[in-house]
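Participant: The chain contents come next:
Protein chains: 2
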Amino acid sequence: MKNLTPQLQIIKQQINEYIISCDNQQCIDLFNSLPFGKMLRSQLILKIAGISPESLKLCAIIEMIHTSSLLHDDVIDKADTRRGKLTINAKFGDKISILLGDMLYSIAFSQLALMNQNIAYIVANAVTQLSIGEMMDIELANTFNTSYDKYYEMIYKKTGTLIEASSKAAALLASKDSDKYALFGKNLGLAFQMIDDILDITQDSTALGKPSMFDFIDGKVTIPYLLLYERTENKDKLKSLFKVFLSKEDMSWIKEEMQKTKALEDSIAQAVSLGKKALEALKGEDNIFLEELINSMIKRTF
Amino acid sequence: MKNLTPQLQIIKQQINEYIISCDNQQCIDLFNSLPFGKMLRSQLILKIAGISPESLKLCAIIEMIHTSSLLHDDVIDKADTRRGKLTINAKFGDKISILLGDMLYSIAFSQLALMNQNIAYIVANAVTQLSIGEMMDIELANTFNTSYDKYYEMIYKKTGTLIEASSKAAALLASKDSDKYALFGKNLGLAFQMIDDILDITQDSTALGKPSMFDFIDGKVTIPYLLLYERTENKDKLKSLFKVFLSKEDMSWIKEEMQKTKALEDSIAQAVSLGKKALEALKGEDNIFLEELINSMIKRTF
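For the protein sequence lines, the chains are S and V, in the order given. Counting from 1, position 110 in the first sequence corresponds to residue 452 in the working numbering; the numbering is continuous, with no gaps. Counting from 1, position 224 in the second sequence corresponds to residue 566 in the working numbering; the numbering is continuous, with no gaps.
Read the hints as simulated data drawn from the structure, not as lab findings. Treat the numbers as computed from the prediction; the structure is a model and nothing was measured. Where hints are given, some of them may not hold.
Pairs involving identical chains hold if they fit within one copy or between any two copies, as the list cannot separate such chains.
With a Cα cut of at most 20 Å, we get these calculated EDC-like pairs of lysine to aspartate or glutamate [stated by the list, open to error]:
(1) K437 with D422
(2) K437 with E481
(3) K562 with D436
(4) K437 with D419
(5) K577 with D592
(6) K437 with D416
(7) K420 with D436
(8) K619 with E634
(9) K437 with D560
(10) K492 with D371
(11) K433 with D419
Generate coordinates for the entire structure from the input sequences, incorporating the hints supplied.
Facilitator: Below, the structure is given as structure tokens:
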């Protein structure tokens, strides 16, 4: 817990208490071996709803749901590391990772059942959308997807909905305008995922913690590739590089074509535009932290 | 849906509507390819709570949760067939099976969030126990378990809790004595699992749809093996047969020892005793169907 702020430590402690109350030593040990990230969703919730027993509980619930989805993701992607640590599936096998995910999901839902019914429904429904988004992600990777609408729908479901639900639920807790905060969360989530998709191309493997341009190798036609396919004169060559090992020359060609066609530049512009939409949604809400968060996301070097 | 009674068809139709409302063709197709069993839990709910929009909704929720756990189980056990049909993981891969399970879980929880809060908590909490039970099942299979208490706790969590919760929630819906029905469901669930564990030994592979005595090969020291280990003079031989391929001679030896030590007979007696406890819990409730259900379970040929 060393790197977490005191507030985020309280959230981790809250989750810990839920796990301990299940009275199973294996689950307690497994949970303690899980790495926690920056808890973006909890940061949002606390900045929107302030700190109260209810908002901390909502944070714990959302983090458990997010962690569950990562545990299942790592099995699906056969991932060995996450946040610089060995994944649960790499250490203890797929079975344990699936079941620990199920356990965290159900603890989260048990606690959610004790909250305001409207909030419970919003969060549970976001998890459904998240699962559908994950399925779309796999389905879209079967062939070279050229539909922007499908990509947009997929990233909205996979990443946008849980951030949207976190933001909306926090606003409801704080009796703020939930529609505004839902729109903010949705656009923040979309921008967040697009930026992630862009960094996969612009960052090297050290910064990414995985091979550069791995998305395309993995079958994921993200926003820069969608724009490139639309604009390049050599569509066949681009298609021939889909889901295969990429040599240094292949990677250079893709990057050069992205520069030439402005596919990368316009992808960044789209992400920035979504970030601005998120900010606009909050006009008049006077929440400096959230403005800073968005600005730090979109004013970065790509 | 051919083999389902009209009531159970309505439940499947209800689940279908939830899936359709998610508006994803892949999920709809996958759901339609799932085989449904006898829906024991729904039968219980309808017999306890009668037929109403709320009880049918509870049935749909419980069946979605049960189906999700089977989808994840089949990935964990690398199972190819279930109920005589190819499993989703065998047909479409582990990824799809995990995510379809997650999706059904979350739809179930979304609908649960709209129900009575007490019922929502009871059911969600049972799912947590179910996941812990599954983890215990895997953990116990790592070594030769000789603890009856651990076996009992594991089958209670893995199988008992969801049947207990179904029964209790149905009683709450019908304003019946929920403690009585919870106790009934718990003991029914325990008896049900013990009988399943006994049939693994007494039935042949055709009746089981999997190799006979597969539990022991798979590392599961079920009730007849626990009693046998306690009583046999040849503990070393029994241990040497744990988690290995069993020849015909090995199987015969185990079965003969089980006869000689009355391990099998006493296991059946325990299951019957649990069935009777379930009946006792319902004394004065005058529910002939439930009595018949228990009697058909415990008065069978093993």
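Participant: All hints are to be evaluated individually against the structure, with a verdict given for each.
Facilitator: So, going through the hints one by one against the coordinates:
1. Taking the closest pair of Cα atoms, K437 and D422 come within 20 Å of each other both inside a single copy (15 Å) and across two copies (16 Å).
2. In this assembly of identical chains, K437 and E481 lie within 20 Å of each other by CA distance solely across copies; the values are 11 Å between and 23 Å within a copy.
3. Within a single copy, K562 and D436 get their C-alpha atoms only as close as 23 Å, which misses the 20 Å cut-off; across copies the closest is 19 Å, which meets it.
4. In this homomeric assembly, K437 and D419 come within 20 Å of each other (Cα to Cα) both inside a single copy, at 14 Å, and across copies, at 8 Å.
5. For the identical chains of this complex, K577 and D592 are intra-copy neighbours only, at 14 Å inside a copy versus 63 Å across copies, given an alpha-carbon limit of 20 Å.
6. When the C-alpha separation of K437 and D416 is checked against a cutoff of 20 Å, the pair qualifies both within a copy, at 12 Å, and between copies, at 10 Å.
7. For the homomeric pair K420 and D436, the shortest alpha-carbon distances inside one copy (9 Å) and between copies (11 Å) are both at most 20 Å.
8. With identical chains, the CA atoms of K619 and E634 are at most 20 Å apart within one copy only, with a shortest distance of 14 Å there and 63 Å across copies.
9. Taking CA atoms no more than 20 Å apart as the test, K437 paired with D560 passes between copies only; the shortest distance there is 14 Å, against 23 Å inside one copy.
10. For the homomeric pair K492 and D371, the shortest alpha-carbon distance between copies (18 Å) is at most 20 Å, but the shortest distance inside one copy (40 Å) is not.
11. Taking the shortest alpha-carbon separations for K433 and D419, both the intra-copy value of 15 Å and the inter-copy value of 18 Å come in at or below 20 Å.
Against the hints set out earlier in the document, no violation occurs for any number.
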